[in-house]
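Engineer: Listed here are the chains, written in short residue letters.
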Amino acid sequence: MIQQIIGLIRIIHSETDPRQISLGFALGMIPGLTPLTSLHNLLVLLAILFFRVNIGAAMLSWGVFKILAYALDPLFHQIGLFLLTGVASLQGLWTTLYNAPLVPYTRFNNSMVMGSLIFSLFAFYPVYWGGRFIVVKYRETLMERFNRLRIVQVFRASDLYKWYSRYSKLKG
Amino acid sequence: MIRWSGLIVFIVIVGLITIFTLFFLDGMIKGMIEDRASLAVGAKVEIGDLRFKIFGLSVDIQNLQVANPEEPMRNSVEVGSLGFDLGAAPLLKKKIVIERMKVLDLAWNTPRKTSGALPPRLQKKLEARKKSPDIGAKAEKRIEECILPNFSILTDLKKRSPEELLKGANLQSASFLGDYPKKVSNVKETWEKRLKELPAKDEIEKDVKAFQSLKDKRPRDLTQLPAYLEKVNDLQKKISDTQKTLTTAQQEFKTEMNNLKTSLQEVEKLKDADVKTVMGKLGVQIPSATDLICVLLGKEVAHKVNWALGMYRKLSQYTSKGKPKEEKEKPKPVPRMKGMDVRFPITRGYPDFLLELAEFSARPDIKKASGIFAFERLAGELRGLTSHPALYGKPTLFKLNGSMVGNLAKDFALAGQFDHRKTVAEDRINLNIKELRIEQAGTSGPQESPLRLASALLNVNGSLGVKGEALDGRVLLDVLNPKVSVGSSAAILGDLFKNMGSFDISLSIGGTLDQPSIGLSSSATKALTSGLENLVQKEMKGLQDGIKNVISSRVDKDLTTNRNEVSGLEKLIQGELSSRLGLTGLPTGTAPKGTKGLFPGLK
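Which chain is which? The protein sequence lines are R and G, in order. Residues 1 to 172 (my numbering) are what the first sequence spells out, left to right. Residues 173 to 775 (my numbering) are what the second sequence spells out, left to right.
Hints in this document: simulated from the structure, not taken from any laboratory. If you're wondering where the values come from, they're calculated on a predicted model, not measured in any experiment. Note that CB positions come from ideal geometry on N, CA and C, so glycine has one too. Errors might be hidden in some of the hints.
A few chain G residues that don't get close to chain R, going by computed Cβ distances all over 10 Å [claimed, not checked]:
| no. | residue |
| --- | --- |
| 1 | 513 |
| 2 | 519 |
| 3 | 642 |
Pulled a few chain R residues facing chain G out of the computed Cβ check, cut under 7 Å [unchecked claim]:
| no. | residue |
| --- | --- |
| 4 | 99 |
| 5 | 105 |
| 6 | 106 |
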């Protein structure tokens, strides 16, 4: 985890495309907000590994949004319950899905799964866009100041950083 | 944008998860079944070995033990082997369909090596769960808890003297006789006053003498005859009126005397009433014949019926509640971070759970000499157990056949159906036991039963129907060759049950599941009622006679005195009235009319 976060800082400071970082962050949000054992998270994992997105950003995002999920749980439940029971026009769709092969294993009929998944899907683009915006702005304005910070310089001069840099080079 | 190495990592991760699952799936399923079943039962459910074959989707369970929550060192049920295949196509839709299940070596009430109490982890979970509805609603507590009165009270009473028993008793007869002299005295006073008002003796004598003298002075002159006759007639009328008045008074007195005498005869009735009142206050309760049957066998059967109702209610919690095909279930409240599963109508295919056929056979339990679950042979089947009966379209059927160890019951058959396809569920259970041998060892001490069916052969024929909440059932028991053991506390009933012939008991079950009711009747009731009456009469006669004698001894003296008083009064008044009437010269009670008597020829 620490390695991934350090990696994320390095990537932010590198020439890596900000879209890769923000996409990782947005994808990591989905397993963070939704119950981990849901089937759709396998697809998210595949997307994170298969596409060139930043894994560190995804992991950091997963951790951050997991904490947030506890606070938003009642909201997810309400959203999920409303969609599953409150919208008459969707009943046919849910019934078809409920009777379809494999779909019931996604637990789409669970208010928590449905609410959190819908919430995270709606939040996906704003998080992606916001992440990219922050990375770009950071690189333009704050990165230089950050590098000049005394604490960063001390850290870079430390044995730990040197050891980590050597390990990273060896790892390739 | 594509990272092929990432795909490989993904495949490796998924592969590792799959391999891990395959290796540990048996243990995971075993643990899940054990935990869930333990929570449902309230005691440990343990599986010796579980093998799940992913190719073929078959499950084989060996040595399943379900501990008894009441007795943790014993198993309620033990299953030697349980195997079934899962339908592959329904499983893709997350539906568990078992086409055929085989349950072998079933055994009940077997000993355990370790305690079957729930571990603290599950105990906490169980406590956190919502409490299940009370399944202890019992039918007719009166029947299940019927007891016989304490017959020893009779023995104790026999030891006490009637005087002691009558101590402080307020006797109606004594009180009546206490008031009686006052009544006599009042009558006496009234008649003495009346006698004074009636024509006195000298007055009557004077009139009679005047009449006689007038009779002798009959005029010879015919012209004086009319005046003479008028005088005679007047005098005669006066005497006649006196006679009439006295006769009326005499009759009135006779009536009054009769009333006094009759009321004195009431004392005998009051004495009997006093005996009854005193006996009633002694606390001697006479049981009804139905009470006797109830104690003998009825309470045991009622207990079993209540147990069966409790089991049905418990079972009902796990069975589908008969809902229409398209009806959606109401969502239940759920804990945080878990969400709530919303169920949608199943429009085609299989129900969420279906057990099409389960065949089971019990382990022959020849070691046991007796016991309700000791079977020599037991086999049965269960068909169509499902979570969605309306979708499945058939009711759940079950049947069990067997015989009990040591020829305890020649034939045992339990069959029935649970039909939950419609909104109102219709369930029926039939039970037939042929020649169930009852052999009960005696008990002694404080728990000794006053009346016990020591041995008999029972033919049991029971049927219980449940429509919605309404109960409709009947249990018929033919009791053949009964031998009744009578405890010391009811020794008095010994003769009653000495040579009791075969009889039957009928229990009718009604009411609702929440408020069941049981009615009891028996062919033995009539014979027992008359026998009981004779018995009680015989037992109580001595005591009753003693009390009656003491009451008589207390009352009879006053009664004689009062009788003498009445007799004296009668003699006095009647004598006076008779003597006055005698003076009128006419027979007592006959009043002269016109000239009739003295001058029959004169008109």
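Engineer: None of the hints should be skipped; say for each whether it holds.
Structural biologist: These are the hints, each one checked on the structure:
| no. | hint | result |
| --- | --- | --- |
| 1 | 513 | violated, 5 Å |
| 2 | 519 | violated, 5 Å |
| 3 | 642 | holds, 33 Å |
| 4 | 99 | holds, 5 Å |
| 5 | 105 | holds, 6 Å |
| 6 | 106 | violated, 10 Å |
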